[in-house]
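A.B. asks: What follows is the residue order along each chain.
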Amino acid sequence: DGGITQSPKYLFRKEGQNVTLSCEQNLNHDAMYWYRQDPGQGLRLIYYSQIVNDFQKGDIAEGYSVSREKKESFPLTVTSAQKNPTAFYLCASSMRGSFGFGTDTQYFGPGTRLTVL
Amino acid sequence: DAKTTQPTSMDCAEGRAANLPCNHSTISGNEYVYWYRQIHSQGPQYIIHGLKNNETNEMASLIITEDRKSSTLILPHATLRDTAVYYCIVRVEKAGNMLTFGGGTRLMVKP
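If you read the sequences in order, they're chains L and Y. Once you know that position 40 of the first sequence is 51 in the numbering used here, the rest is easy, because the numbers rise by one and skip nothing. Once you know that position 6 of the second sequence is 743 in the numbering used here, the rest is easy, because the numbers rise by one and skip nothing.
If you're looking for bench data, these hints aren't it; they were derived computationally from the structure. Any given hint could be a false lead.
Per the computed footprint, the stretches of chain L lying under chain Y, defined by three or more beta-carbons under 8 Å from a beta-carbon of chain Y, are [claimed, not checked]:
| # | region |
| --- | --- |
| 1 | 44-58 |
| 2 | 116-123 |
The following label-pair restraints were derived from C-beta to C-beta distances [unchecked claim]:
| # | chain 1 | residue 1 | chain 2 | residue 2 | range |
| --- | --- | --- | --- | --- | --- |
| 3 | L | GLU73 | Y | ASN760 | 31 to 37 Å |
| 4 | L | ASP49 | Y | LEU788 | 45 to 51 Å |
| 5 | L | LYS68 | Y | ALA754 | 38 to 44 Å |
| 6 | Y | GLU803 | L | LEU22 | 30 to 36 Å |
| 7 | Y | THR793 | L | THR90 | 42 to 48 Å |
| 8 | L | ASN64 | Y | GLN779 | 28 to 34 Å |
| 9 | L | THR88 | Y | ILE776 | 25 to 31 Å |
| 10 | L | ASP65 | Y | ASP748 | 24 to 30 Å |
| 11 | L | GLY14 | Y | ILE800 | 26 to 32 Å |
| 12 | Y | ALA754 | L | SER91 | 46 to 52 Å |
| 13 | Y | SER762 | L | GLU73 | 32 to 38 Å |
| 14 | Y | THR745 | L | GLY14 | 30 to 36 Å |
| 15 | Y | THR802 | L | THR88 | 43 to 49 Å |
| 16 | L | GLY74 | Y | LYS806 | 37 to 43 Å |
Selected chain Y positions facing chain L (Cβ under 8 Å, derived; list incomplete) [claimed, not checked]:
| # | residue |
| --- | --- |
| 17 | CYS749 |
| 18 | GLU751 |
| 19 | HIS777 |
| 20 | GLY780 |
| 21 | THR816 |
| 22 | ASN834 |
Note that this is a predicted model, so its numbers are computed, not measured. All C-beta atoms in this analysis are idealised placements derived from N, C-alpha and C, irrespective of residue type, glycine included.
Whole structure, please, built from the sequences with the hints as guidance.
C.D. replies: What follows is the structure, given as structure tokens:
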């Protein structure tokens, strides 16, 4: 069953703690993305990666970090430096990466809702 | 990426076709029209996309006007599970190009 998985679905953390959100895909996609969505708002890009061991900042990267050690995985760490981390976090992937092959249609995971208490 | 304009909300009777319009009068020649939908508290779901020609897949049809300044997403037989917010996006298709969701159309399918 191919797709994008995110875990956990709901996450609660105390203020000041770092937390890592998981994103895994078995679609053999080169590119992966992290977005943030706030209530009633659109998507804002945090980070994206077009190839293993490389990633770029999006519009709101401050207070977040990522790694891309494997093609299938793109974990996002929300650090204590992120001033307002409570949000719905969405991971996406698309076939086309740095080499330009395949489509750029982005497919999304189910999301992780992070609440900082 | 070009800006899009969609109605805030629409109703549709179950079993009838749902026609969702989108205006994108400033679209460029290399920008595609994409449609996604988002059911409450779930990740967005890709529906369909196109450049110039009309497109159809198992979920929907996309009709793009000849001047490409507007498009219509058609759900041929709407069901209650199609109740969602539908987003029309125009963008250049390239890796790393983020998706920009506007306000979207809240479609309510009623029995």
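A.B. asks: The structure should be examined with respect to each hint, and the outcome stated for every one.
C.D. replies: Hints versus structure:
1. 44-58: holds (count 5)
2. 116-123: Three-residue rule met by the region 116-123 of chain L, so holds; n is 7.
3. GLU73(L) x ASN760(Y): 31 to 37 Å: 34 Å, holds
4. ASP49(L) x LEU788(Y): 45 to 51 Å: Check failed, 31 Å falls outside 45 to 51 Å.
5. LYS68(L) x ALA754(Y): 38 to 44 Å: 43 Å, holds
6. GLU803(Y) x LEU22(L): 30 to 36 Å: 48 Å, violated
7. THR793(Y) x THR90(L): 42 to 48 Å: Holds, since THR793(Y) and THR90(L) (Cβ atoms, about 45 Å apart) stay within the stated range.
8. ASN64(L) x GLN779(Y): 28 to 34 Å: 31 Å, holds
9. THR88(L) x ILE776(Y): 25 to 31 Å: 28 Å, holds
10. ASP65(L) x ASP748(Y): 24 to 30 Å: 46 Å, violated
11. GLY14(L) x ILE800(Y): 26 to 32 Å: Taking Cβ atoms as reference, GLY14(L) and ILE800(Y) lie about 29 Å apart, which means the hint holds.
12. ALA754(Y) x SER91(L): 46 to 52 Å: 50 Å, holds
13. SER762(Y) x GLU73(L): 32 to 38 Å: 35 Å, holds
14. THR745(Y) x GLY14(L): 30 to 36 Å: Roughly 31 Å apart at Cβ, these two residues keep to the hinted range, so it holds.
15. THR802(Y) x THR88(L): 43 to 49 Å: 45 Å, holds
16. GLY74(L) x LYS806(Y): 37 to 43 Å: This hint holds: roughly 40 Å between Cβ atoms.
17. CYS749: 22 Å, violated
18. GLU751: Because about 26 Å separates GLU751(Y) from the closest Cβ in chain L, which is outside the 8 Å limit, the hint is violated.
19. HIS777: 11 Å, violated
20. GLY780: 4 Å, holds
21. THR816: Because about 21 Å separates THR816(Y) from the closest Cβ in chain L, which is outside the 8 Å limit, the hint is violated.
22. ASN834: 7 Å, holds
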